[in-house]
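Colleague: Chains as they are written, first to last, in the working numbering: chain A, 138 to 387; chain B, 1432 to 1547.
Because the hints were derived from the structure by calculation, they are not lab data.
One or more hints might be untrue.
[To be verified] Calculated Cβ distances over 12 Å to all of chain B for the following chain A residues: (1) Ala157; (2) Ser297; (3) Leu305; (4) Leu308.
[To be verified] With the Cβ distance kept under 7 Å, some of the chain A side facing chain B (calculated, not the full set): (5) Val170; (6) Val210; (7) Leu216; (8) Leu275; (9) Gly315.
[Unchecked claim] Cβ pair distances, simulated, as ranges: (10) A:His151 <-> B:Ala1495: 50 to 60 Å; (11) A:Val378 <-> B:Ala1539: 37 to 47 Å; (12) B:Leu1517 <-> A:Leu382: 25 to 35 Å.
For every residue, glycine included, the Cβ atom is placed at its ideal position computed from N, Cα and C.
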Amino acid sequence: MHRMVRAMAQSEQHFESSFAAFAGGLRAAPRSVFSYVLLATYVGIGALAHDLGFSLIWVCLSTILVWAAPAQVITISTLGTGSTLVQGAIAVALSGVRLLPMVVALLPRVRAPDTRWRALLLTAHLTAVSMWVESFRLGPGIAREWRVPFCNGLGIGLMSCAMTGTVLGFLLAGQLPGVLAAAVLFLTPISFLVSTANNSKLLVDRLALALGLGLAPVFAMAKVGLDILVTGLVAGTIAYVVHRLRKAAQ
Amino acid sequence: MTATLNDINPYLALVLVGFLPNEVWRWLGLLFSRGLDEDAELVVWVKAVATAILAAVVAQLIFAPPGALAAVPLAVRLGATATGFLTFLLIRRSVFAGVVAGEIALVAGALTFGPG
Chain A
138 MHRMVRAMAQ
148 SEQHFESSFA
158 AFAGGLRAAP
168 RSVFSYVLLA
178 TYVGIGALAH
188 DLGFSLIWVC
198 LSTILVWAAP
208 AQVITISTLG
218 TGSTLVQGAI
228 AVALSGVRLL
238 PMVVALLPRV
248 RAPDTRWRAL
258 LLTAHLTAVS
268 MWVESFRLGP
278 GIAREWRVPF
288 CNGLGIGLMS
298 CAMTGTVLGF
308 LLAGQLPGVL
318 AAAVLFLTPI
328 SFLVSTANNS
338 KLLVDRLALA
348 LGLGLAPVFA
358 MAKVGLDILV
368 TGLVAGTIAY
378 VVHRLRKAAQ
Chain B
1432 MTATLNDINP
1442 YLALVLVGFL
1452 PNEVWRWLGL
1462 LFSRGLDEDA
1472 ELVVWVKAVA
1482 TAILAAVVAQ
1492 LIFAPPGALA
1502 AVPLAVRLGA
1512 TATGFLTFLL
1522 IRRSVFAGVV
1532 AGEIALVAGA
1542 LTFGPG
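In isolation and in its complexed conformation, chain A is listed as follows (with noise of 0.2 Å):
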């Protein structure tokens, strides 16, 4: 019985120290495919906010405070195009609900029963779908108790691709040719397009997204006004009745 249980410890990375496990993961986030996501999205989302006229201080700031690129983009794009505040914060306020599960799904499995408030503030504080995905995946090579500072140490690497992105794509938007300037702003929808199909592994979330994509044009010609917000509530509840309907058909 004690070797089994040493035999299973043995199998979890250990550290030295809290400090060492938060090296760890940030070494693990340039090995992940997702700082070559989020340094892509972030090139585009600086390009974005060189674009409609923010600073470089201000994007860098957005970088770290929001932490989310769909939130940034509704952020920059609002704000940069004359939206009212209501407006924009009510959009991102929407596009942020997802945190919430998220943040409910990872704390659970990655505090220790001694972790601090603070600590487990920065994780939320870190919570995004590259994080996340990596936390899961990651996580549970690691001994329990450097858990908490292991994905903050991830979530800080992840945040820095996104920082050298955020830069990059500032400084680059305003030097690039017609051609590669298009090519940046691009990459901020086709990542998001794609990376989000890539979370819908349910049919309510796949439907979710089509009707998000078939309506909003329509919502933007009919003129009906915060038509992002009066999308994702349409399409995501159709997406959500059909799925109803078809759990009470099985």
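Starting from the known structure of chain A, fit chain B onto it as the hints suggest.
Modeller: Here is chain B on its own, set in the frame of chain A:
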């Protein structure tokens, strides 16, 4: 209710519009992380709405793009999006392959049909 970026400091706008409405969900997640069931019906609906909002943002950026991307014809933007998405589906659901293929298609299309 009608205030825009012109009416307040841009850093205050970042905190009020970008940071707080987004971060509050992480704080609530921290508070609820001992209770909520990941498969609860409310969570399913919320996730569907969140996914559709992302889709709407993508559509907006393709149909009404900012800056230099607006100079690329709509047909090229749509074709590049479709190319990226199909490549993602065909090549083992690789996000990286999809993004690269979409970008190549956009640049090739813009060079062939001219950015505006």
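Colleague: All hints are to be evaluated individually against the structure, with a verdict given for each.
Modeller: Right, here's what the structure says about each hint:
1. For A:Ala157, the non-interface assignment is confirmed: its Cβ lies about 25 Å from the closest Cβ of chain B, beyond the 12 Å cut-off.
2. The Cβ of A:Ser297 lies farther than 12 Å from every Cβ of chain B, with a closest approach of about 19 Å, so its non-interface assignment holds.
3. Listed as outside the interface, A:Leu305 is consistent with that label: its C-beta sits roughly 15 Å from the nearest C-beta of chain B, beyond the 12 Å cut-off.
4. With a least beta-carbon separation of about 15 Å from chain B, A:Leu308 lies farther than 12 Å from that chain, consistent with its non-interface assignment.
5. At about 6 Å, the closest approach between the beta carbon of A:Val170 and any beta carbon in chain B falls short of 7 Å, and the interface hint on this residue holds.
6. Because the smallest distance between the Cβ of A:Val210 and any Cβ of chain B comes to about 6 Å, under 7 Å, the interface hint for this residue holds.
7. Taking 7 Å as the C-beta cut-off, the interface hint given for A:Leu216 holds, the closest approach to chain B being about 5 Å.
8. Restraint check, A:Leu275 versus chain B: the minimum CB separation of about 18 Å is more than 7 Å; hint violated.
9. This hint holds: A:Gly315 has a C-beta 5 Å from the nearest C-beta of chain B, less than the 7 Å allowed.
10. Take A:His151 and B:Ala1495: their Cβ atoms lie about 52 Å apart, and the range 50 to 60 Å holds.
11. Taking 37 to 47 Å as the suggested C-beta distance range, the pair A:Val378 and B:Ala1539 conforms, at roughly 41 Å.
12. A C-beta distance of roughly 29 Å is found between B:Leu1517 and A:Leu382, which places it inside the suggested range of 25 to 35 Å.
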